[in-house]
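K.L.:
With the hints as your guide, set chains B, C and D with the ligands onto chain A.
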Amino acid sequence: MTTTSEPPLQLTAGVQLVRPSSSLGVLARPKGDTGWKSWLFTVDHKRIGIMYGAAALVFLVIGGIEALLIRLQLAVPGGNVLSEDAYNQVFTMHGVTMVFLVIMPMAAAFANYLLPLQIGARDVAFPRLNAFSLWAFLAGGIFLNTSWFLGGAPDGGWFGYAPNSGLVYSPSNGMDFYALGLQIAGIASLVSAINLITTVLNMRAPGMTLFRMPVLTWMLLVVQFLLLFAIPVITVALFLLTFDRLFGANFFNVAAGADPLLWQHLFWIFGHPEVYILILPAFGIMSEVIPVFSRKPIFGYPFMVFSGIAIGFMGWGVWAHHMFTSGMGPVSVAAFSLSTMFIAVPTGVKILNWLATMWGGRLRMTTAMMYSVGAVAMFTIGGLSGVTHAIAPADTQQTDTYYIVAHFHYVIFGGSLMGMLSGIYFWWPKMFGHKLDEKLGKIGFWVLLIGFNLTFGPMHILGLQGMSRRIHSYAADSGFNLWNMFATVGSFVVALGVMLFFWNIGVSRRRARGAPPVGPDPWDARGLEWMTASPTPAHNFDRDITVTRPDEFWHRKWRIGPDGEVKRIARAADVAHDGSATDVHLPSPSYWPVVVALGLPLVAYGLIYNLWITGLGALLILGGLYGWVFEPPDDPEAHDHHDDHDADGSDDSGNGASGGGASSNGDGAPADGDGARELAGVGAGLAASTAKATGAQP
Amino acid sequence: MTAEQPSARFGRPLWRRLGLVGIALAAALALSACADEHPLDTLTEAGPDAQEINDLFFPVLGVAIIVFFLVQGAIVYLVFKYRARRREAAAAARAEEHSGDGDDLYGDDEYPAQVHGNLRLELAWTIIPTILLAVISVFTLISLVELNEVSAAEDDLRVTVVGQQWWWEFQYHLDGDTSTPPDIVTANELVMPVRQQVPLEITSRDVIHSFWIPRLNGKRDAVPGRTHPWVIEANEVGRYMGQCTEFCGLSHAYMRMYAVVLSPEEWEEWVQGQIVDAAPLEPGDPGFEGQEVFLANCANCHVVNGVTDVNLDGRLDGMIDYAGANSITSALVAGAAPNLTHFASRTTFAGSIFDVYEGRAEWIPYLEVAERGDLNRGHLAAWIRNAPERKANDADGARGMTAFPGLTEGEIDSLVEYLTTLR
Amino acid sequence: MSQTPPAPPAEEAAPTLEGPDGPLSAHAHDAVHEHPSDRQYVKIALILGVLTALEVFTYFESVHNLGDAALYVILIVLMVLKFVYVVAWFMHLKFDSVLFKRIFTAGVVLALGVYLIMLTAFRIWGV
Amino acid sequence: MSEVANPPPAVTAPAGAGHASAAHPPTNTGMSHNKVAMWLFLGSECLLFGALISVYMFAKSRLPAGEIGPLDVFDIPFTSVSSFVLLMSSLTMVLALSAITRGEERGFRVWIVATALLGGTFIAGQVYEFTVFYNLGLGYTTNIFGSAFYTLTGFHGAHVTIGIVMLMSALVANLRGRLGPRNAETVELIGLYWHFVDIVWILIFTIIYLFPQ
Ligand code: HEA
Ligand code: HEA
Ligand code: CUA
Ligand SMILES: [Cu+2]
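Protein chains in written order, with the working numbering: chain A, 1 to 698; chain B, 699 to 1121; chain C, 1122 to 1248; chain D, 1249 to 1461.
Chain A with its partners taken away, still in its complex shape:
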């Protein structure tokens, strides 16, 4: 049941319109909507989304440069671009960066920006917590990368198998940075998952039932559930590793009777859901882009949704396919081999439904569409090689070879990254008010696609010819020379493609200056996010939108006649909001999310170097939380809004005068314990996770 009778667009439950005294008295609340401070302290889901995306792109360049170093080293046999040690750090950080600092935040960017818009909400459920997620993620990412300058980056591979990741075998601080950095990023993801699920469950526009939600929203919801349940598993694994390394625990100490497979199980119980965390957002994006540019609704909406849910579920029962050769026993191998294979079914449904969406459509091959179609094609290749890994006996030949490297680059680069590039081209006008250049975009697409296949296609062959992963060099007579050279050349073509993308951003920005804005709906799209001005105004929508069917916005523009003919009934500009509302009350910026997030890396540095720094970080976290809890989500002085809502008006004056006691809230305004309530709600989770980082060592 949706509460259509009641306005659903509240900012946060328990939001407090007025507070008699300002937060701590010491610090004035951050104000204004321009300048760097307006970004640093923002709680606007759109700005947060954009910053997630920007950070992801920066990390893409870092991870990409690492990839290029790998390829340079492997271009010819016996390469000496990197030392053995450096190579191990570079490929480890390449994997970690690409997975945790590129694809995940890129997905978070889309989730933050689009999810509230697609369900017709004003913001996420906990705006400040959202800001905290961003900064915690960034803190974790930067923390990880500082390891380069502090005695060496992690060198145990992105899945950090124990005991090689233990102190004896990896004595530099690198793996400590790995364990703690991922822990911090994990806190960010967990908090964000809670936030976004609550948003979807609670804040949909009137009439926006779950089965009217866009497929992207659905996929993002599934992803948040996967994060919710998967993050704690790696949290535990990383704690065990940290405790082993820093405090001499025995979890992976074979001499004490430990079994290294424990790490593998824990890592992959997280790790396999993780790969669906990486792909489902892209699936969602493709499910938005393809219908728009095919001019048809998504084919088989319920199947699309349920297959996404099914993938999410089945993703929990296949983890040990990464361990077919680990010696876990034939029964486990058989069971996981079978469960893995059948994941191809719901995935195949998605692929074929996309094709069916295109079938009989009028395909407008824009850049966004090309990336989406490209992603379908490339992902299929990766998925099919995935099925050949699932055949456990065959995987004993394939595992840890470049055949696997080919598989996961096809699914991650070819699926996730291309899908997200599609999303960037598609929603760029919504985010920035101008399109990216189509011509450059298409050239970039072809360069990228060709380079991508040139790089990773040959890796299938290399792998089947027996080239192992994670080797910093190969012998000249192993027969790997030719295809490695191809791959290296290809990787530079990819780099060119990526550079064209960045170039496009620059060119398009410059061209857009002074040019008329793009209008709310440049693609004749379907989702609610297009029903407001571009770029999206801070308050998202001017009015409430009542949803009566899927693709509500499209149906307001077009009508399907009795003969199935589609007729325009309105122009987008007439239907969409122009963003001119001035009386919208928004949550105010806040310092505290940044402060708390800043404490996290300090705690982590301290654990590595000096416990005093940990203390400092803990103080920062505690102080930040305190400030946070006692700061109202909303600052009455922040902006001068014109309320036309009676209750609000009276709240403003009535409560402002009274001295802040609970009893003073006689007019129904919230009591002052609201902050405490947010603490209890999610602050508890946050506090618990931070405390795990600080207080849980015996």
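Certain hints may be false.
Derived BS3-like pairs (lysine-lysine); straight-line CA-CA distance at most 27 Å [unchecked claim]:
(1) C/K1164 to C/K1215
(2) A/K442 to B/K779
(3) A/K439 to B/K779
(4) C/K1222 to C/K1164
(5) B/K779 to A/K37
Please keep in mind that the hints were generated in silico from the structure rather than gathered at the bench.
Being a predicted model, the structure only gives us computed values, none of them experimental.
P.N.:
Showing chains B, C and D with the ligands alone in chain A's frame:
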């Protein structure tokens, strides 16, 4: 293994035919399936286990390739068939207007029939792959069972394989009893008889490694604290390359190995040569000086059976003791260095990345050392002088062989001389 | 495919999670107001106390000759009972929205499933 | 402008609407964000403690013979008492909530203090237990059992400690007039967390302490 009668297996002929698609493509892709050029090639099997795996892999690859062509073909078809024609003029006009209606790019206001789905179609492409995969899973299970069969008798040869940073140790139990000290201990080259299934027990002394001779069988991880059964068998006499495939630190890439497959007679001869201890050299014997230098510098890590005066049982104990009870007095984490008793009978050293003899012959008669050409003095001397420079390791000597800056060139020469006596 | 008539607006056909007993149905939440009385809480606490006493009782000799298997069964049953009582009554799950029940059950079931499989793969049950 | 342009926050219910409306803002589910979030968090915590308990069970099964283990250190009667204490704190917690929903702030304070005290007693018991174990020769690094035991119970203890901090914050907020019947939901949420920590101990007590060793 039931490799003797492959065609008798359930459904195999048809299954194999499907595999032809896979084979064709794999072969085409690989350009050359010549095993000499690709010593680690997984597609040119040389043993029944690898054969079993490829019998399963090729048909699945065939299915995958068919699906690949269907999907890619469909994409290309759809894109060309249903592509909207750009209407440049109209587009320009719209762009001028900036109506924000989303058609300024294509100037196309037309919509095709709005199809929301088709239950029957969707069920079809849910059920068909399911059936396909169910069939594949049956064959997968069959293969799994077959691959886990051990045909060797209880008292046949059994080899304990021990991985460590960054070399392999092979402990031979000729009577099949792995609970007793092994009869032969060698490094990096797994010598084995042809057409005989050799059961292995794979383990590790430090981190996780993975034992893999691609042309003979898939891989199996060497996990410390665990012993994993595995089998290996070769159809033909030859030399098959292997590589550690689980990331194990600095010199992971340099952790290779060979399976050396001998005819039954040669195998017998090899065994006879290996089970004897080395004889301590007397003053005046060639290599005697080297032996002295060896005992002074090398014997706290390396064993030469019969020469180094350390308790043999402690050294060669097939049971790996992690509690530090190794009789090795060095700081080696793994607690073991290659056994050098018959060093000169091997063809490669240090994780099989260097040749003991000059010139890597296509196939060296394994037992006739005399025919192998000249000793690779340069490599050996360089190794003894400064091993970390030749093969990255932990510089403090805890993992891998330390450098010996203190040795004079003369001493190094004498050591090389001594090593050649260890046949 | 193209001959398929335009499908009915999906919202009619689409299943809904928000129907009378969908996970998002809020109808159960009216029950929240019927908080159990303090007396009921005390009663539950008494039951919990007794169950704990029973648990501790198994520790002392008398039950030992039942054998480990029986002991495991008894202890697990008692544990689950306590778990359910606290969750249902003290955490109000019995009275609260089904949504919460499903979220929490999802967590519990997932944890049970995944970790039991993991421990089974390690064969720690001695079988 | 329409009613939505200025979405009235959930809690600004018309005057006199009573506490119920504050507790149930007009969200799609009818549940407040905070409560949904708390349950999601608890769902997530299941996987966390599930992993820790599994790691413990696994570690115990791998403890080499002859090493100091559960049988050498556990003092069941003692732990039974502290388990009972924690269990009863759940009762006082729920009574505190019940009190504040009825507007009995005095009762609320009494029960909340009682809860915190019981929790504190439990923690004190745990500290004592750790000391005894340590003196018996079981350190954190002694063996795999020690590492797993202290990590699991340490995580639980940390959760209890955070719970106590939240209880005390609620008490202070109430004393300062910032937490009344109107936001009883805050107390409810703290309670949810507290009860969850309690049920985790129910599992730990049975699985770690009482199961036949
Ligand atoms: C985006 C991330 C992503 C995705 C979506 C997938 C999807 C899949 N993956 Fe992949 N995988 C990774 C990322 C991903 N993977 C990574 C990063 C690794 C390596 C980790 C590491 O070791 O570092 C890995 C490793 C990996 C392994 C371990 C290999 C090894 O190390 O030995 C296996 C084994 O089974 C596997 C299988 C699969 C399968 C069956 C799917 C399926 O979901 C694919 C399903 C899709 C299709 C099958 C295509 C479309 C379907 C049709 C058109 C229908 C018809 C098809 C048939 C009937 C076959 N993957
Ligand atoms: C999201 C996932 C993702 C992405 C996008 C990529 C992208 C790439 N990967 Fe990735 N890769 C992984 C995830 C990913 N990888 C993972 C998880 C591993 C396993 C790690 C492990 O084993 O632990 C791995 C391992 C891995 C290996 C195997 C290493 C080994 O086993 O030894 C190789 C080898 O070629 C490789 C290559 C590449 C290349 C060439 C790209 C390229 O496509 C990259 C393209 C991007 C760029 C090229 C950046 C372009 C920008 C510029 C060039 C700007 C220049 C700017 C200035 C100069 C200022 N990767
Ligand atoms: Cu040993 Cu890799
Ligand atoms: Cu996987």
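K.L.:
All hints, please: hold or fail.
P.N.:
Tested hints:
1. C/K1164 to C/K1215: 16 Å, holds
2. A/K442 to B/K779: 20 Å, holds
3. A/K439 to B/K779: 22 Å, holds
4. C/K1222 to C/K1164: It holds: about 23 Å lies between the C-alpha atoms, which stays within 27 Å.
5. B/K779 to A/K37: 52 Å, violated
Taken one by one, the earlier hints fail for this structure only at number 5.
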